[in-house]
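Q: Residues per chain, in single letters:
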Amino acid sequence: MIVRLMSEGRYEVDDEVAKGLNDIDDQAGAAVERGDEEALSELLRRMADAVRTNGVRVPDEDLSASEAIIPPDDLSLEEARRLFEDEGLIPDLPS
Amino acid sequence: MAGLMSRASAIMKAKISKLLDHAEDPAETLDYSYERQLELLQNVKRGIADVVTAKKRLQLQETQLEQSVVKLDSQAREALAAGREDLARQALERKSGLQQQLQSLDQQAKQLEEQQAKLEASEKALSAKVEAFRTQKETIKAQYSAAEAQVKIGEAATGIGEEMADTGLAIQRAKDKTEQMQARAAAIDELTTSGALEDFTSDQTELDRELGALASQSQVDKELAAMKAEIGSGDKQKELKQ
Numbered sequence: 001m002i003v004r005l006m007s008e009g010r011y012e013v014d015d016e017v018a019k020g021l022n023d024i025d026d027q028a029g030a031a032v033e034r035g036d037e038e039a040l041s042e043l044l045r046r047m048a049d050a051v052r053t054n055g056v057r058v059p060d061e062d063l064s065a066s067e068a069i070i071p072p073d074d075l076s077l078e079e080a081r082r083l084f085e086d087e088g089l090i091p092d093l094p095s
Numbered sequence: 096m097a098g099l100m101s102r103a104s105a106i107m108k109a110k111i112s113k114l115l116d117h118a119e120d121p122a123e124t125l126d127y128s129y130e131r132q133l134e135l136l137q138n139v140k141r142g143i144a145d146v147v148t149a150k151k152r153l154q155l156q157e158t159q160l161e162q163s164v165v166k167l168d169s170q171a172r173e174a175l176a177a178g179r180e181d182l183a184r185q186a187l188e189r190k191s192g193l194q195q196q197l198q199s200l201d202q203q204a205k206q207l208e209e210q211q212a213k214l215e216a217s218e219k220a221l222s223a224k225v226e227a228f229r230t231q232k233e234t235i236k237a238q239y240s241a242a243e244a245q246v247k248i249g250e251a252a253t254g255i256g257e258e259m260a261d262t263g264l265a266i267q268r269a270k271d272k273t274e275q276m277q278a279r280a281a282a283i284d285e286l287t288t289s290g291a292l293e294d295f296t297s298d299q300t301e302l303d304r305e306l307g308a309l310a311s312q313s314q315v316d317k318e319l320a321a322m323k324a325e326i327g328s329g330d331k332q333k334e335l336k337q
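Chains A and B are the protein sequences, given in the same order. Under the working numbering, the first sequence has 32 at position 32, and the numbering climbs by one with no breaks. Under the working numbering, the second sequence has 327 at position 232, and the numbering climbs by one with no breaks.
Rather than coming from a laboratory, the hints here were simulated on the basis of the structure. Owing to the predicted nature of the structure, the values given are computational and were not obtained by experimental measurement. Careful: at least some of the hints might be erroneous.
Output of the computed footprint for chain B on chain A, the stretches with three or more beta carbons under 8 Å from beta carbons of chain B [what the hints assert, rightly or not]:
| id | region |
| --- | --- |
| 1 | 11 to 18 |
| 2 | 26 to 40 |
| 3 | 69 to 83 |
Each computed EDC-like pair below joins lysine to aspartate or glutamate, with the alpha-carbon atoms no more than 20 Å apart [what the hints assert, rightly or not]:
| id | chain 1 | residue 1 | chain 2 | residue 2 |
| --- | --- | --- | --- | --- |
| 4 | B | K205 | A | E16 |
| 5 | B | K140 | B | E274 |
| 6 | B | K205 | A | D92 |
| 7 | B | K219 | A | E79 |
| 8 | B | K270 | A | D92 |
| 9 | B | K272 | A | E78 |
| 10 | B | K272 | B | E157 |
| 11 | B | K247 | A | E61 |
To give a feel for the contact side, a few chain B residues facing chain A, derived at Cβ under 8 Å [claimed, not checked]:
| id | residue |
| --- | --- |
| 12 | A103 |
| 13 | S112 |
| 14 | A144 |
| 15 | D261 |
| 16 | A320 |
| 17 | A321 |
| 18 | K323 |
| 19 | A324 |
| 20 | G327 |
Virtual Cβ for every residue (Gly too), placed ideally from N, Cα, C.
Work out the full structure, taking the sequences as your base and the hints as a guide.
A: Dropping the structure here:
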């Protein structure tokens, strides 16, 4: 499946990698919930590394949608909260 | 509780549907979306320029602080040579304070560097997609019936909408980091002008004045000694003549 590493690029990964990502992702969600910045950084880095190491880069001009989207690996806890709780970190698209 | 990936996807979808809601017929949707893409590309370019400007300001402040560090170091040496350990200590304490500030400026410069790299990558990916979208847009307009076009548009717009939302995030984060850095730089300026901190960059600090006084004192002493010597030898010459 195609995975987007936000602010970095898109990669095609196989099912096994995708499954691994889901496991780490659950932990990352829990880390945000309990306010554990250190764990969040570590888990986001592990997800990004897994994708970079095992995935194949999708060309920039490919217009297909991604099946999974992973937040940037240097996202702070405060940014994560803004991103997920009030959706304020991504501005509305220009209109 | 849900993981982060599903939440990130949900946010992306919400942003994209807002973009698609704007237009009525397929051709209009395509053109409207394309206009927004071009606008966003301009925004990324501006974002990169802003980060570069902020970086330059940071570098300027770093240079000023570095000069002050060098100056304080030589002042400490002068003070010590003049036997004023108290002044030397004061100069070295200030130097160490400035060095800490330099370190934090350095970290900020690195962060800005990272944001710039991200924005540049975003610009590259977005330009490639915008170009692909432009081609596809014309194909869809020319070749498909309205119903078919709707599906094709949905696909293309979702893919590029995702890129646009991601680019939006990169711009916003770079802006946040730049603003934090500017606030900090302004705070340092403010502290120095209000006198709460020594104005390290001004030519006359209290330390300068004390060292200046010390130097002029020793200059006076030297001149006095030289005059005494001159007068002394003059006396001797007189004695010889007599």
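Q: Failing hints, ascending?
A: Violated hints (numbers, rising): 1, 4, 6, 7, 13, 14, 16, 17, 18, 19, 20; every other hint is consistent with the structure.
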